[in-house]
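Start from the sequences and build out the full structure, keeping to the hints where you can.
Those protein sequence lines, which keep their order, are chains A, D, U and H.
The opening position of the first sequence corresponds to residue 1 in the numbering used here, with each subsequent residue numbered one higher.
The opening position of the second sequence corresponds to residue 1 in the numbering used here, with each subsequent residue numbered one higher.
The opening position of the third sequence corresponds to residue 1 in the numbering used here, with each subsequent residue numbered one higher.
The opening position of the fourth sequence corresponds to residue 1 in the numbering used here, with each subsequent residue numbered one higher.
Hint data in this document are derived by calculation from the structure and do not stem from the laboratory.
The reader is advised that the hints may include incorrect statements.
Heads up, the list lumps identical chains together, so a pair's fine if it works in one copy or across two of them.
Result set (DSBU-like, lysine-lysine): computed pairs, CA atoms no more than 35 Å apart in a straight line [to be verified]: (1) K279 / K62; (2) K15 / K252; (3) K252 / K78; (4) K78 / K62; (5) K252 / K96.
Number of protein chains: 4
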Amino acid sequence: MKNSAILLVQCPDRKGLDATLADFVYRHDGNVLHFEQHVAAELGLFLARIEWDLAGFQMDLKDFPRLFAPVAERFQIKWELALSAHRPRVALFVSKYDHCLVDLLYRWHSGELRCEIPLIISNHPDAQRHADFYNIPYHVIPVSKENKPEAERRQRELLAEHGVELVVLARYMQVLSPDFIRHYAQRIINIHHSFLPAFIGARPHQQAFERGVKLIGATAHYVTEVLDDGPIIEQGVTRISHRDTLEDLVQKGRDLEKVVLSSAVAWHLENRILLYGNKTVIFD
Amino acid sequence: MKNSAILLVQCPDRKGLDATLADFVYRHDGNVLHFEQHVAAELGLFLARIEWDLAGFQMDLKDFPRLFAPVAERFQIKWELALSAHRPRVALFVSKYDHCLVDLLYRWHSGELRCEIPLIISNHPDAQRHADFYNIPYHVIPVSKENKPEAERRQRELLAEHGVELVVLARYMQVLSPDFIRHYAQRIINIHHSFLPAFIGARPHQQAFERGVKLIGATAHYVTEVLDDGPIIEQGVTRISHRDTLEDLVQKGRDLEKVVLSSAVAWHLENRILLYGNKTVIFD
Amino acid sequence: MKNSAILLVQCPDRKGLDATLADFVYRHDGNVLHFEQHVAAELGLFLARIEWDLAGFQMDLKDFPRLFAPVAERFQIKWELALSAHRPRVALFVSKYDHCLVDLLYRWHSGELRCEIPLIISNHPDAQRHADFYNIPYHVIPVSKENKPEAERRQRELLAEHGVELVVLARYMQVLSPDFIRHYAQRIINIHHSFLPAFIGARPHQQAFERGVKLIGATAHYVTEVLDDGPIIEQGVTRISHRDTLEDLVQKGRDLEKVVLSSAVAWHLENRILLYGNKTVIFD
Amino acid sequence: MKNSAILLVQCPDRKGLDATLADFVYRHDGNVLHFEQHVAAELGLFLARIEWDLAGFQMDLKDFPRLFAPVAERFQIKWELALSAHRPRVALFVSKYDHCLVDLLYRWHSGELRCEIPLIISNHPDAQRHADFYNIPYHVIPVSKENKPEAERRQRELLAEHGVELVVLARYMQVLSPDFIRHYAQRIINIHHSFLPAFIGARPHQQAFERGVKLIGATAHYVTEVLDDGPIIEQGVTRISHRDTLEDLVQKGRDLEKVVLSSAVAWHLENRILLYGNKTVIFD
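Below is the structure:
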């Protein structure tokens, strides 16, 4: 079991950043496991991820903010510190299609996704038995045009109650309100069953079938207030042909959606994603 | 060298179509090499491609229309007959980016594309030397807003003069007039450097870069009067990451465009494409 | 629910085969849904799959062998008739890695795989709870060098008892005896976690890691007496890099194996596979 | 035009490596453009690539070895320094299949491959005209069992004469002697038309066709004395089906080979490849 710290940084690009960051870790006897950086030249932006072993690291991490402050100030660094030992608390939202839910649960249970899943929220009772199988509380909160604010209030109560740090929309078919989204900014991941920005909105497989494309896609992205417009984390495609019916598209899409969504969630949990503008850097 | 006939048919789906078509070939002693059919269930449409060996076939093909007429009438068949020995006359249009042009010329010369290329038309002189290398006449016809009708008139004269049956827009950056397009309906293939319908119009790589997609694409399609909206023949994608600059996208795009466009052209030349509605069937 | 018949044929290539086959169906008022054929030119072999609607078909299928005999005889046809309404009885074999098992069960339950699964056989108790979830009897039959003949005897008793028509080795880590294999010739599908013929035998991921390949693969194949040498049904690959540890390979491999194995099983169940020599034709 | 220095290092993994390396560059006022490192945990090996802007760098690079020596010694670093402004001299070897040659020449001419190509060597005269088109001297040196030592002597004279730093076997069908290979260790890149280690040796497409695989591949690797066994740089695959003849495999293989080989050559020229054991790290 790796016991490491991960520092994500973002700041204007300047000479000496790598040296200063690596030196900061080294001065406290940290052994760097991964050091990845990226310069988004079009914005003059420096982004980096440094992961170091905590074995032998000579610092109480409570002191990190204070000790790192001079460096952060000097380079105007926006930073975030995470611990590999921390297992973020994740809520899964689902509607009727349960393939992504079941897939995430299996990966979680097998240890592939390092997180806690304190609850599942759905607007339908259908997936209850999968939640039961993994002993995860399953909350049915029906959503209609009329009760939406009330439903969201209840959802947010549950999320707060369980200290949820990440919301995964595993084929949850309701649009969340701007207020909800703002509150969980950069902490809601959605899977859209098309290769965005193609086929935004409802029924993307139907749209793809009608347009006669030769590949279908899936896109995992952070949710923003503009529908299907948030920063893209991962995408995948699969080949189709005239022989595929609309049902075949739906079925082939399922395999894509599972792989694309679970990759995105894993990268988020492993603190591999940095956001800048409307784009992501994935440190792999 | 295969010496075969290819019959493409399209009609309302009805019982007995396969039997009648196969029997028609058999009655004249044709040996079927390929028989592929597809029922577009959503339209009740039957589409098929039958290819048979002409060795031993007991019919003068001049008589085919007359002899096939009763069958065609009975099933309301729209049909087309092509000969594998016929090498269609293809005009290549190009602007400044010459990678698709050079690729098509190499494939043509190596025998991969079975066609004649009597001429290349460009609005720029840049690719002349590649045309010279393969001894193909290269016509420079500059196009501006003002002279466009005149330029198209000249282009169409050349096409008519050389009996051109297929126009391939190998990164030709001018939009053709509706009149031109109508005249060569289903006989103009374009390569668009995005995964359509994402990033329609100008500068798709720039659009892709700004949107932060994780895959870029290319689409070969028949040109219709609506920009980038014609029936899709083939599509491909390739993976990119945050490390890729806009120039990297352009470069990676080139490899895609070559493969996607040349596949589309090959399938057209081999009479493997059937159009219905705004979609294609590719009989492979 | 489609109610159709599927005829698979294989014979020396001769003129008139398509016409005769299509006509046979038509004469009994069958409406052809799919007609696909392939000529393996290197062997002079004709292979075809014809599927027709049984609604309105004017024949008791009990009479098919008798009525089709003259055609079969004339063209020396080896044939097989299957009904889409028939749900083959499939036994799943598994050892400790249960990802393929769980995936197949989910697909079966969601209707993607049209079959019965009367039993699961394992040499380990680990996957019991997944079997229980889907209410499928789970038989633990430990296998050691000493008890192998006895274990296989017990396995075959169970298969016979349940009328099993297809055995799927869903990461079953024991080698079956030639006798077992012969008895279920062309009715055992295995998933091997490499791109065969690379990395035959034990620990293919370890082998791949040591060789430093840039892609890893998975192969679904019919089991023959020669290890990992049977006819290949489907293969897939996924990209890896120096950043991937052996554990990462194992994890990435899982997604491949699920998709490749389930495709192979689906095609077998839908009677889309024809075997000739050591190769497969997949009629899609 | 980027004017940068690239330092490739390799040494036992130890604390402080990143800090020391980044600091070394910073102390001389270098602005780091890329910093990538990898720890091959199974070997306890640290590998890194640091690229920095030479604008403003306060060191005469002639002094680099002397100034870097204390660092190198302290960490037992094997290192190499390269300049992005340096265009390595590359010799292309080709036999009759010229698709990779033509592709590399086009990429070189368009600026995609940053190198000089002072000569092409072939055992056949066939590709002469492509060399002429790009004004590159083309040396025909026939090779037979008898004259091989003499032919290699002549080849090596030419390479020496032109100061060749990298040899690219662009479908060169002769096996080089161990002596030749040793002399250009890690400086000969070959393209093999299979997914290694599957189908080592002669006629891999024929082998693939006979085995009935569902994907064919191509592999670019450094040449070592054991045939087709050297460190793999890049691999690609493409889907095939029963419909593909042996000729189709050859044709589809061509597109793969071009992309795979040109990527490998580009990475080598950009000093992105580090070798350890029989494996490569590709810093992208």
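Structure-based check of each hint:
In this assembly of identical chains, the alpha carbons of K279 and K62 lie at most 35 Å apart only when taken from the same copy (31 Å versus 41 Å across copies). Within a single copy, K15 and K252 get their C-alpha atoms only as close as 48 Å, which misses the 35 Å cut-off; across copies the closest is 30 Å, which meets it. In this homomeric assembly, K252 and K78 come within 35 Å of each other (Cα to Cα) only across copies, at 33 Å, whereas the closest approach inside a single copy is 41 Å. Proximity of K78 and K62 under a CA criterion of 35 Å is satisfied intra-copy only: 18 Å inside one chain copy versus 39 Å between copies.
Taking the shortest alpha-carbon separations for K252 and K96, both the intra-copy value of 17 Å and the inter-copy value of 27 Å come in at or below 35 Å.
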